[in-house]
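Protein sequence lines, in the order shown, are assigned to chains A and B.
Counting from 1, position 501 in the first sequence corresponds to residue 501 in this note's numbering; the numbering is continuous, with no gaps.
Counting from 1, position 119 in the second sequence corresponds to residue 1119 in this note's numbering; the numbering is continuous, with no gaps.
Because the hints were derived from the structure by calculation, they are not lab data.
All of these numbers come straight from a predicted model, not from anything done at the bench.
Please note that the accuracy of each hint is not assured.
As the list claims (entries may be wrong) - Below, a list of computed lysine-lysine pairs in the DSSO-like style, where the Cα atoms sit at most 27 angstroms apart:
1. A:Lys-383 with B:Lys-1076
2. A:Lys-383 with B:Lys-1074
3. A:Lys-388 with B:Lys-1211
4. A:Lys-2 with B:Lys-1069
5. B:Lys-1069 with A:Lys-388
6. B:Lys-1076 with A:Lys-7
7. A:Lys-14 with B:Lys-1131
8. B:Lys-1186 with A:Lys-388
9. B:Lys-1131 with A:Lys-2
10. A:Lys-575 with A:Lys-489
11. A:Lys-2 with B:Lys-1133
12. B:Lys-1076 with A:Lys-743
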Amino acid sequence: MKSPLIKRIPRELKGEIGKYLVIFIFMAATIGFISGFLVADDSMITAYNESFEKYNIENGNFILEDKATDDFVKAVEDEGVTIYENYYQEFDTDNNSDGEYESTLRIYKVRKDVDKICLMKGNMPGNDDEIVIDRMYADNNKLKVGDIIKVKDTEYTISGLVAFSDYSALFSDNTDMMFDAVKFSVAAVTDDEFDRITTDNMRYNYSWKYDKEPTDDKEEKTRAEELVKVMAANGILKSYIPGYQNQAINFTGDDMGSDRSMMITLLYILIAIMAFIFAVTTTNTITKESSIIGTLRATGYTRSELTRHYTVLPVIVTLVAALVGNIMGYTWFKDVCASMYYGSYSLPTYKTLWNTDAFVLTTVIPVIIMIFINAVIVTHKLKISPLKFLRHDLSRNKNKKATRLPDIKFIRRFRIRIILQNMSGYITLLIGIIFANLLLLFGLFMKPLINEYGDEVIDNMICRYQYVLKAPVDTQIDGAERYLMTSLKTTVEKSKADEVSVYGIQDDSDYLNADFPSDGVYASEGYLDKYELSVGDVITLKEKYSDKTYDFKIKGTYKYPAGLAIFMNDDEYRKVFDKDSEYYTGYFSDEELTDIDSNYIYTKITEDDLTKTTRQLKVSMGGMVELVEIFAIIMFIILVYLLTKIIIEKNSLSISMVKILGYTNGEIGRLYVMATTIVVILWILVSIPVLTLIIKEIYRYMMADMGGWIMLKIRPDIYITMFIMSVASYGVIAALQMRKISKIPLDEALKNVE
Amino acid sequence: MLLEINNLHKSYGNGVNRVEILKGISFDVKKGEFVVLLGPSGSGKSTLLNIIGGIDTPDEGYISIDGHKTGDMKDKALTAYRRDHLGYIFQMYNLIPNLTVKENIEVGAYLSKNPLELDELIDTLGLTEHKNKLPNQLSGGQQQRTAIGRAIIKNPDVLLCDEPTGALDYNTSKEILKLIEDVNQKYGNTVIMVTHNDAIKNMSDRVIKLKDGSIRKNYINDNKISAAELEW
């Protein structure tokens, strides 16, 4: 025979439909979003991984000073590779016909063999006045098929929006901290048109594919290192990027999977909080039904039968929420999440894949968490003897006496009693508030942090024009100051190697305001912060393409937020890197160095280059920030609502009783609602230092893979905004609770408990 | 012999607050016997009933049912003991508010391998027309009938009644007592009823009078009358 108690389940659901519905919607939406995210993530990663073969993505590329000679091609191809011509030219572009050239387009021919292009919308260029551009750049600049853009002097009609398979992240320069899909795009025109616009600015770029793919990373690296030697011996190499080092290809793949564990953790914390809410409501029901439980236990019902009875509803709600959530995940949220990816990366089209893993993670595990937490808490609660249940004596501690309170006003003592009585609920509330405010704070601080970082980068720019030269060349322009620079890599185990700029600065520099030491280095503040270093530590850096390492003792810090850098005296630099006294790598200058031939300039760093990171981060975050804020507030309201509801329900008899005695609803509110108000405000305040600690850790983890570093700073006014938003959300709930109090009938206390 | 109660001692509290509730209670109950435990408030009768019912434990002494001592039983065995042998009726009916009359009785039936026939019992209890009502739609007497139904549907060896008429008026009380009497006669269950109502002793086979935790009298009622004839 089935337990007749089962029949209570639908009735209980109906009786508390509001509560169950709120939790159901919240869980279904959360699970839906996470499931959608996992499905989109997995489908996208698969599409990305498959794109290497599907679009025949290169194993690497290099740029030569001039066209490759037959001898060069032969020498290189003898190493077991095939070389493909992949020339490009860069042009300033006006994309909104305002006469200002705000972007740079890197124009290729339409590729046919290697790094093929995925057409997302429209057509590939059929005529010479047609161009295809990157889909994400088009989105960021509100360009669509049919629009006209002006590239240098030529007007083109956009015939299609595309994803270049070798530019899933639009890095214009492989050493950039962040890609730039706002002011930089790749584009393709017809072969004839490409030849027509050929200028001196042509980049003789070649891609290569191994005839036989290396079997592992080690082999790939060895082969790439061999290849570069052959290339350097046979031609003038201007750039050399093996595929595994190409950020434009790899950044997306590295970044895509990285949010997964955080999302899953987020889901489990939310489910655990919901499980605690269920458990608190159930223990409240157990208290209310103690005589029934006593009777059932006295009659022979086992504790496990009752535990099952009291946990079945939360489990059913979770299971249904998980199933509904998964359906929404596969249909609607998947597209939302995919569009988030498309908002950050130039990914090709994808196909939705069934994801067993995602189903288990978002269905089976939440149900297990729900069962576990509820079973533990309910079993513990039901451990009391049947007799005690019959006597409504549910306190575990036999000798527990009423907590002595100081001789303060009755109303205050009353409130303290309410707080003490509901401590378990309030502790759950504290966890919930910390979690909701964690999300809220993330939503609030990210944008200002990035804006401030952008401002700081500009305020602390070394100079307006920083030139990196291919070879030393003189300038007659006043104020230009020579410097030395190279890039080394960090050698910290278990973390992705970062590129660190090593500067040699002359004494009494006009551009850097410090006396750099000759027996150590000054490190940029971001470097110290990212690697948790301090003055006095010794760092080890290695050369990019060899295993040679250098040790530097940190003697001080220098404010240079644009990237990870160390600074030393130029003489020391020459000694360390074994350079002669005439050697230098570039100029700092506040004026443009017009007298230097552009062929000598490797790159010119301006404000625009340094603000790429902030620009792209802002675009990538897009509407996410607001979404997180809204989610956090909804979660806050739901949590506080459910827990305060329990507190009022638990005390409905007493509330009815004091009503009979003549208390007004306002007075009762000042007792019961005010107690919760005090706790909520206290918890919000308590959460601030806790949140700061948690955010520091999460931020470090979240940003660890990013090249460079943005130092975490949360302005005090952000905490104030968070406080105000939390308190305002609570205000809504307090009003609801007041309404609930006014609805408790006078005769509640007089009624038979049955 | 169905039940053997031997030298039960029970006290609550510590030190100066220590109160001895039972001071060496011993008696036997035969199968099918209707026993009334009579005594004023604080005499220890409810505590005694709870110990018999396996929901409280004695400090000393033991209960033996069919030769099995409850004192030797662990929590799980005690639950099984209650499940297999006992039915409970309380002064407050302790019905489940969101289950109907029929379903509340089924709560008892669920525990038994051979429960009584449900509809027949509902009929015996006079609840046929109320069987689909919720407890809050019933009078006190009807609620207590439902509670009796829940207790006896599993046809327990022993029916423990703790002031079953304590919350009821005279006429309803008599109806309930009649019902318990009928059940005792029809199904042959042993009934142990705790009451402070002196008149009820007249319907029992055996009367045990308690005072201050001790048995003052334990005798066979030779002048047993039916519940319908009771007056108080």
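Take the C-alpha atoms of Lys-2 (chain A) and Lys-1069 (chain B), compute the straight-line distance between them, and say whether it is at most 27 angstroms. Since the Cα atoms of Lys-2 (chain A) and Lys-1069 (chain B) sit roughly 31 angstroms apart, the hinted pair is violated (cutoff 27 angstroms).
Lys-2 (chain A) and Lys-1133 (chain B): Cα distance at most 27 angstroms? 21 angstroms, holds
Given the proposed pairing of Lys-1076 (chain B) with Lys-7 (chain A), does the C-alpha separation stay at or below 27 angstroms? This hinted pair holds, its Cα atoms lying about 26 angstroms apart.
Keeping to a limit of 27 angstroms between CA atoms, is the pair of Lys-1186 (chain B) and Lys-388 (chain A) held or broken? Roughly 33 angstroms separates the two Cα atoms, so the pair is violated.
So if I understand the rule, the pair passes when the alpha-carbon distance is 27 angstroms or less; does Lys-1131 (chain B) with Lys-2 (chain A) pass? 19 angstroms, holds
Would the pair Lys-14 (chain A) and Lys-1131 (chain B) pass a check requiring their Cα atoms to be no farther apart than 27 angstroms? 21 angstroms, holds
Does Lys-1074 (chain B) sit within 27 angstroms of Lys-383 (chain A), going by the straight-line distance between their CA atoms? Holds - the C-alpha atoms of Lys-1074 (chain B) and Lys-383 (chain A) are around 14 angstroms apart, at most 27 angstroms.
Given the hint that Lys-383 (chain A) pairs with Lys-1076 (chain B), test it: the Cα-Cα distance must not exceed 27 angstroms. This hinted pair holds, its Cα atoms lying about 12 angstroms apart.
Keeping to a limit of 27 angstroms between CA atoms, is the pair of Lys-388 (chain A) and Lys-1211 (chain B) held or broken? With Cα atoms ~24 angstroms apart, Lys-388 (chain A) and Lys-1211 (chain B) stay inside 27 angstroms; holds.
Taken at face value, is the distance from the CA of Lys-489 (chain A) to the CA of Lys-575 (chain A) at most 27 angstroms? This hinted pair holds, its Cα atoms lying about 19 angstroms apart.
Is the straight-line distance between the alpha-carbon of Lys-1076 (chain B) and that of Lys-743 (chain A) 27 angstroms or less? Distance of about 44 angstroms is beyond 27 angstroms: violated.
Would the pair Lys-1069 (chain B) and Lys-388 (chain A) pass a check requiring their Cα atoms to be no farther apart than 27 angstroms? 23 angstroms, holds
Taken one by one, the earlier hints fail for this structure at numbers 4, 8 and 12, listed in ascending order.
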